[in-house]
Amino acid sequence: MHLAVVAHVTGTLVRLFAPALVAPAGVAWFYGERRDAAGFLVAFAVAALLGTQMRRSGGPASGDLERIRRVEGMAIVAATWMVIAHLGAIPYVWAGLGPIDALFESMSGFTTTGATAFTDFTAFGRGIFFWRALTQWVGGLGVVALVVAVLPRLAIGGRELFFAEAAGPTDEKLTPQLRQTAIALWRLYIALTVAEIAALMLAGMSLFDAVCHAFTTMAAGGFSPHPQSIAGYGSATIDWIVVAFMFAAGANFAVQYRAARGSRVALVQDEEFRAYAAVVLVATVVLFVFLLGDGLGPGEALRHGAFQVVSILTTTGFASADFQLWGDQAKVVLLLLMFIGGCAGSAAGGPKVVRHVLMARLTLRELRRTLHPRSVLPVKLGGRVVPEPILRDVQVFMLFYLLAFAVGTAVVVALGADLVTGITSSIACLGNIGPGFNTVGPMASFAELHPVSKVVLTLQMWIGRLEVMTVLVFFRLEPWRAARWR
Amino acid sequence: MRVVIVGGGEIGFALSQTLAQQHEVFVVDHAPEVAARFESLDVQFVMGSATNPDVLALAGIAGADVLVACTGLDEVNIVACAMARRHGSPEAYCVLSREEFLGLADQQGLAAFGITRVIWPEAQLAADIERIVRTPGALDAETFAEGAIQLIEYRLEPGSTLAGRRIADLHLPHGCLVVAVRRGDAFFIPRGASELAVGDRVVVMGTPDALRDVAHRFTTASADGTRQRVTIIGGGDVGLRVAEALDESDAADVTVIERSPERGELLAGRLRRSLVLNGDGTDLELLQAEDIGRSDVLVSVIDNDERNLFASLLARQLGVRRIITRVGKRANLRLFERVGIDVAISARAAAVASVLHQIRGGATRLLALVEQGAGRILELEVPAGYSTRALRELAPPLNSIVGAIVRESQAIVPRGTDHIQAGDRLIVFTTYEAADRVRAYFTSVTA
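Protein chains in written order, with this note's numbering: chain A, 392 to 877; chain B, 49 to 495.
So that you can see chain A by itself, here it is in the shape it has in the complex (with noise of 0.2 angstroms):
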């Protein structure tokens, strides 16, 4: 590992992250929230010069650049991560908020959590809500996507980035090079982004919730300027949209983006997809169920059993309504859903759609290997035989997500919550999904919770957005051992 490359090049994608945080001064600045918007400033002063220095520490290192290889990949994204969500911190401290809680918030951002420390929602400006927003946004399909895009120079040694960052197991290609693969990639995200915001100012929302929740929606993300969540609005139409543009942000972009394209049978063939809109129908029949059961109307079951559930599962975390109050069978299914995810090569976090097709067919494998001991018995996805490393991948990764789901529990239940708010907000962060049970329910929030665990949960965040194993190979000695500044 030569930690020069690393710095040089997560200096530049900071430097290039710097300007994100011009435009909510601006907004800051058009609500008169002076103090606020110097903060954005001041933020802003520190990403630019800290990236240009670590830029310039690590350079001129083009040379190297061109052969970054798989640890080095998996550190830049490690670290732009974590680099930038302290930079992210800044403006929530400057607005008052704890070190803890601050760090907490960004990351939630920046990872598409949506796990809020904010207690009391009136003491922020419209312009850290801008801020909450847009970190989704930006995190959204990934700062190095982004960079990627943009920044040709990366193109070359990207790949590894790509591979690194890329979310889950996926070898959709849409074109034959990676830049324009994810420019393509960012138009369907700016154009869904750019559809939901017109969708929800005619469904009646003022420009900027519009935009709040179509940046948050699009992320998978979760965050909304309203106490109340989505439920704040109690409008049905609203929820209707927003449940629609939470299906598409945590459906695979690149097999959406075939379907624009043309390609009608796209979304059918493949196979993850097929499984996830098949989750969505059976979680949502059996939630519909529960709530009838509950005392909810027909009408009101459907639209909350159907938002809640897609909201989990995509791990966008919104709430149409309050659902620590609802019983708990109605939370189990919920609670399941959790451990599932979005589809490999969307905006949503958790382990995905299809690790568990994946895991379900080893599972099958495995029982049709006891009746027939001499059998040939490939695994199979969309017709073509996944190969047996990468299987094993999808074990280990599974395997390690539960390690890390354990562990966040674990510390989260010792320094004194209750044994749901344990295991909920320890999977909510990991996946991504922002919200759990009982202290971290729905209309509340982490504040309360100890100091440690909010570390440790905020560690969570990061290492299952950057898919678990990205992180947890720096926990071992061999990549520091090896490494090297030059």
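It is worth saying that the hints were derived from the structure and are not from the lab. No false leads were slipped in.
Computed spacing ranges between beta-carbons, pair by pair:
1) D784(A) with A160(B): 40 to 48 angstroms
2) D351(B) with D784(A): 34 to 42 angstroms
3) E456(B) with I574(A): 58 to 66 angstroms
4) D298(B) with F730(A): 31 to 39 angstroms
5) T754(A) with E81(B): 50 to 58 angstroms
6) G684(A) with S308(B): 54 to 62 angstroms
7) R260(B) with F791(A): 58 to 66 angstroms
8) R260(B) with L790(A): 53 to 61 angstroms
9) A175(B) with T761(A): 30 to 38 angstroms
10) R578(A) with D298(B): 38 to 46 angstroms
11) E779(A) with A175(B): 31 to 39 angstroms
12) E779(A) with R134(B): 46 to 54 angstroms
Residues from chain B that face chain A, not an exhaustive set, calculated with beta carbons under 8 angstroms:
13) G317
14) V324
15) L325
16) G327
Bear in mind that the values here come from a model prediction, so they are computed numbers and not experimental data. Here a beta-carbon is modelled for each residue, glycine too, at the ideal position from N, C-alpha and C.
With the hints as your guide, set chain B onto chain A.
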């Protein structure tokens, strides 16, 4: 006629053997040990590679009428054909076996290399096996005239209600004919007075509907669409093709036994529902553990006659009802059936017959072989200007029978009163010995 045969393997040798009696035959092969084998034949052997123009010139390519490329290497065969056409041979037949050349079978592909006809022994064999497997209880199955006419061969099992009765007393429905009977080594075309016996292999020809109606009288195997259990031993070209065809149409529960783990992976990747087992088809323990004895059909297509036979006999012992086995050496064909294999079938024999007929057939077309060539199905066209007459007015040679008249879109299984008219295509069943006479007769009658 001058025939140049490239490749002195099984197909080349069998072709030379037959053709040398009447034609001028040149054989090109680069192996000295092959040359020795051809010494007993009246052929001109040229040692060397057929991709070398000088060698081809030595083989008299300039004056040749046909070149048949049948080496074991597809590329060599293709190149030899291309060279032959360039150097004067008007016809070039190319034997191919690998799947990646399948694209060559269309007109464009053929024209690009000057190939006039592609012979695809493995593909043809796989298609034949698939047809037989799909027809419950059948020992052979063919279709002609775009599926309007079918031919099925059954064996009369002990207890069959047909045994001991005269054909005329069977009261078969219109649209279906018993065209041939194989009893021991005798193969004949029965008359109304012929009696059937247990153990006879009976060839029936007719329309699909009529044959479906009579199937239950010939066999106890259910024809009612219950899924068959099919076991395929050997996942080579033929095994894979058969498995793929059955798998794609979901026609049966297929189990493939393949010895090589790598090949097994490939098979399992290509097949959707079939079960692929990694093991040896001659491993009794494996066959028992997987309950192979309960299969309705076992297809043994290993590339080795001895192991094929062994696997098939094991399956017979385990109680498999129908066994189809590939035979490599033509000499083994009869032997296999004698020791209890239901269907012994050879890709090379079919290829040889196809080439021979092509060279000697004249206006008739060879549609299929029955009973390893003892019976042949020919198709001939009644030319324009032929005066219509009833079938019974014809006096075709002994041991031949008009099985069907194909007229425009309909196919008629004829009786004596049916007429033959210009433009008809006749599907004629004949024994091997009578084939030449039939060709001559119908050529003169229809001329």
